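Residue numbers (full-length UniProt numbering), protein chains in the order written: chain A, 1 to 286; chain B, 1 to 286; chain C, 1 to 286; chain D, 1 to 286.
Worth flagging that the hints you see were computed from the coordinates, not collected in a lab.
Among these hints, one or two may not hold up.
One copy or two, it doesn't matter: identical chains are merged, so the pair holds either way.
Distance condition first, Cα-Cα at most 25 Å in a straight line; then the derived SDA-like pairs of lysine to any residue [claimed, not checked]:
| id | residue 1 | residue 2 |
| --- | --- | --- |
| 1 | Lys19 | Pro30 |
| 2 | Lys57 | Tyr9 |
| 3 | Lys57 | Thr276 |
| 4 | Lys57 | Ala147 |
| 5 | Lys279 | Ser129 |
| 6 | Lys57 | Glu148 |
| 7 | Lys259 | Glu280 |
| 8 | Lys279 | Gln117 |
| 9 | Lys259 | Leu281 |
| 10 | Lys210 | Thr265 |
| 11 | Lys240 | Pro250 |
| 12 | Lys210 | Phe272 |
| 13 | Lys279 | Thr41 |
Values in this document were obtained by computation on a predicted structure and should not be read as measured data.
There are 4 protein chains.
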Amino acid sequence: MTDLWYSEYHAADVRFSIKVTRQLCSEQTPFQKIDFFESETFGTFFTIDGLVMATQKDEFAYHDMIAHVPFAVHPAVRRVLIIGGGDGGTAREVCRYPGVEHVDLVDIDERVVRLCQQYLPQTASVLDSDPRVHLHFEDGLQFVGRAEEGMYDLVLVDSTDPVGPGEGLFTHAFYQNCHRALTEDGILINQHESPYYPIYAHEMLRAHAKIRATFPIARVYEFHMPTYPSGHWLFGFASKRYDPVADFRPERWNALGLKTRYYNTDLHTAAFALPTYVKELLEHGA
Amino acid sequence: MTDLWYSEYHAADVRFSIKVTRQLCSEQTPFQKIDFFESETFGTFFTIDGLVMATQKDEFAYHDMIAHVPFAVHPAVRRVLIIGGGDGGTAREVCRYPGVEHVDLVDIDERVVRLCQQYLPQTASVLDSDPRVHLHFEDGLQFVGRAEEGMYDLVLVDSTDPVGPGEGLFTHAFYQNCHRALTEDGILINQHESPYYPIYAHEMLRAHAKIRATFPIARVYEFHMPTYPSGHWLFGFASKRYDPVADFRPERWNALGLKTRYYNTDLHTAAFALPTYVKELLEHGA
Amino acid sequence: MTDLWYSEYHAADVRFSIKVTRQLCSEQTPFQKIDFFESETFGTFFTIDGLVMATQKDEFAYHDMIAHVPFAVHPAVRRVLIIGGGDGGTAREVCRYPGVEHVDLVDIDERVVRLCQQYLPQTASVLDSDPRVHLHFEDGLQFVGRAEEGMYDLVLVDSTDPVGPGEGLFTHAFYQNCHRALTEDGILINQHESPYYPIYAHEMLRAHAKIRATFPIARVYEFHMPTYPSGHWLFGFASKRYDPVADFRPERWNALGLKTRYYNTDLHTAAFALPTYVKELLEHGA
Amino acid sequence: MTDLWYSEYHAADVRFSIKVTRQLCSEQTPFQKIDFFESETFGTFFTIDGLVMATQKDEFAYHDMIAHVPFAVHPAVRRVLIIGGGDGGTAREVCRYPGVEHVDLVDIDERVVRLCQQYLPQTASVLDSDPRVHLHFEDGLQFVGRAEEGMYDLVLVDSTDPVGPGEGLFTHAFYQNCHRALTEDGILINQHESPYYPIYAHEMLRAHAKIRATFPIARVYEFHMPTYPSGHWLFGFASKRYDPVADFRPERWNALGLKTRYYNTDLHTAAFALPTYVKELLEHGA
């Protein structure tokens, strides 16, 4: 009966609030503020610097869409680099592919990983249990800057917004290093913000311009993420060779027999069909 | 600087709030409570019984998706029945088609229409200006019960949620009367709630079961509606003859040269590709 | 059932909120923003620049305490100057004294008066009905600067907080002009902020220091005002001659037979007994 | 920057909210829900069943007024019974009197004491450090029912509201047992709710009627408690012999040289002067 509400401002005049049954922890790390909460509707959820990162109820949508889309295009992903993603949800989905041999997960803040291991095993338990996952607690921009050329088939940028620690992951230098670290047929997926509220649309445009200047193929796809601002969220798909629709092989992916709650092969192509206003924003800017 | 917030509870522990620059009017009619507000991010918006109906900023998504999907399938819509839709946004989109000869708009509450004409001309101005639109202020269930057989090519159910005045528009009797009032190749589109929060998913399932029992073809499509609960919203497409994807004619629709902000012909097919959990809900229930 | 809440921040991290049944009006004047609201618990209330000025439910406490305390001390108030007080509540109490011959009410913003006459007749109706009240819509600092020496027996400063239009009413110049405009045995009562939350306590101290430097007798008294920050509110009593306790004549006041809901002659003396921390603040500062 | 707010509803349409920097603990005991929070303005505070019990910033007002008023009347308090008061603040003030020989503190819920010892030493540290304090974790009604006749000079009822575990402490049986357990010149002080919001005023009246039927002398006094509903709070003073004003000995109390932040001997008498509407409520009911 204690009346305790977490709120996130999606715009200065738009507030999304979740009633909290208890706060599980609150920690200021050298990089950011991390809070874990319990709630009835969303189960456990955590925030970084006051913004929802993942909830037990809808994290599946995000992690399905960041991971399965590239795997349904690339014929043989063996080496994966995850930048950010300290909650482990992206690694969990990646590790479902038997062909994956090596996963480097680079999160600047070890505390995100440790706290998710403690409070959110739904996403983080794979980080302990799968020996293919290698944790690196350092700046993603620096890590990818040092990476050998052509080391990765897939880079997944599972970052916070481009403020604070996540800022470097939205720069030209970062995307160029990703390009270099990828194989000739490698794929980059990046958390691409949202087209709806102006501050998010602004970052969406900035990221898109930079990726388009770096990769010959750069597409954007959308999904429903109810606990993120507006619920309308995007990922970017960039590659030197593969087009996410033309080179999509649904039968190959379906043959893997993976059970998913959000992604499916009909949705794959559909996700790249964007509302007209989003297409126009991406093509012509605000 | 006055701190005044409108809130809507998407679940008992989930609250979506909009800062209001002023309340434009508040009226209790014999049917429902109607409030109009001004806000910075969403412009003018109105609520019925405390739930957001339409905002200036995102009504285009809803009205594009209720209207253009059936028009891109049916080859010659001439007579249209709109049930609910007193804000005029659905009628506005319908009236953009020159082939349309007659539109009956049936809203139980004349005050919705009159207040939208006063405060929300963006959606309602067509109700005055287009002579094809005929307003009827009565119960939609009774209107369609009296309608002649095969009167309409298209019925658009633009209703509130199935509580209060909207309740009758989610019944077997209503859907059967719609079936009767439609031509042999007529199409029914209905506001189909949302799959995400439990109370909405529950109504989605109830409506779907009834429509599926009434029409041989019954599909569901989705779109992003940021000011509705979870932002993940659905319409139903039901017909005696047309399949919304197989009978879709993009070139015919594109030839009309209509400028839209949300709908486009790529999105048309895409909208019918649903996330796995939504498909499973619709097929097997909760 | 519409969920609409007015909030006031008593500190950056303390919020007092009232559920509003409807907003009655919202007007930006050349001086300030004025909003009127209806609520169940407080009835009609109005705010200036987002701060509660008066509610139907508890205005009696404020208006009793600003008006009756000086009348129970001064033997013969005939001419009264009210600075601010556009809602009329202070004038209403002053006009209950038959000995009062002339009341000048100076509010910089005519709209406060006009809107209170329309929406809050409980306080404002006296402004029309009592011919002794003379309305002046101009800056209080200038009005009192032009006032003849010794014109008033009583000056009541019923101002907003010292931000915006109310700022000049908390200056040395203002208090000195009040001193000049008062008769030799005149009394100044001023809205004296609150000792509890730091920003209010800060203004309380600044006002007190200036009044003490201007008047030989300067005391502070307290009362309970639930809709003001912390509910702990103060008035200042300053005079050239009268001490509010030593010169208090309860029997004379009681003989008038005035019915009041907050003030009484026991409370009169009691109100000048302050908590130790307030006394220490006033004597030694923060 | 995490936006987390605790709220308390003072009425169904009145909400008081404190921004929380972190939740320190949340525990459901067999009796009640206990939560501790940190905040900037109020420091650490705790709630029981969602209602603020004590904050670091303003607990001094409550504990000064419950404890020092009876000690300034009764000439020689030696044995004290505190019912409730598990936070220790009342015991802390009582223990400042060297004449006190024995203090029984009876709180039904040991967890209140243990959590306050951990998180709120400002009030609770005395419970460890003063050997005169004897803790009893049982129902206050039963404890006082078993107490010997004339055991206590002073009973302080520092209870929660009359809902849940606190309910028995607002009954005829309880007050009669207090009467029996008190010496011939003993004093009972009870937490007496508030006159302002209707649900609190209702309990105030019920308590007052019962105490007045039990003790020949039954008075009510008020103080400012900003974090309690309306900020206007009351204690009851009941006795077989002493009148709190007529038998008040300020010089004796001042001679003790106790430093206090709220209570002082001027305020003592003043606190018993109530606003007219409160007097009328107490005399004639709602």
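Consistency of the hints with the structure:
1. Taking the shortest alpha-carbon separations for Lys19 and Pro30, only the inter-copy value of 23 Å comes in at or below 25 Å, while the best intra-copy value is 28 Å.
2. For the homomeric pair Lys57 and Tyr9, the shortest alpha-carbon distances inside one copy (20 Å) and between copies (18 Å) are both at most 25 Å.
3. In the homo-oligomer, the alpha carbons of Lys57 and Thr276 lie at most 25 Å apart only across protomers (15 Å), although the nearest pairing inside one protomer, at 30 Å, exceeds that limit.
4. For the identical chains of this complex, Lys57 and Ala147 are neighbours neither inside a copy (35 Å) nor across copies (45 Å), given an alpha-carbon limit of 25 Å.
5. In this assembly of identical chains, the alpha carbons of Lys279 and Ser129 never lie at most 25 Å apart, being 41 Å within a copy and 32 Å across copies at closest.
6. In the homo-oligomer, the alpha carbons of Lys57 and Glu148 never lie at most 25 Å apart, since the shortest distance is 38 Å inside one protomer and 47 Å across protomers.
7. Taking CA atoms no more than 25 Å apart as the test, Lys259 paired with Glu280 passes between copies only; the shortest distance there is 12 Å, against 35 Å inside one copy.
8. Within a single copy, Lys279 and Gln117 get their C-alpha atoms no closer than 39 Å, and across copies no closer than 32 Å, so neither meets the 25 Å cut-off.
9. For the homomeric pair Lys259 and Leu281, the shortest alpha-carbon distance between copies (15 Å) is at most 25 Å, but the shortest distance inside one copy (34 Å) is not.
10. For a Cα distance limit of 25 Å, the shortest separation of Lys210 from Thr265 qualifies neither inside one copy, at 29 Å, nor across copies, at 28 Å.
11. In this homomeric assembly, Lys240 and Pro250 come within 25 Å of each other (Cα to Cα) only inside a single copy, at 21 Å, whereas the closest approach across copies is 31 Å.
12. With identical chains, the CA atoms of Lys210 and Phe272 are at most 25 Å apart within one copy only, with a shortest distance of 19 Å there and 32 Å across copies.
13. Taking the closest pair of Cα atoms, Lys279 and Thr41 come within 25 Å of each other only across two copies (21 Å); inside a single copy the shortest separation is 33 Å, beyond that limit.
Hint compliance for this structure: hints 4, 5, 6, 8 and 10 are not met, and every other hint is.
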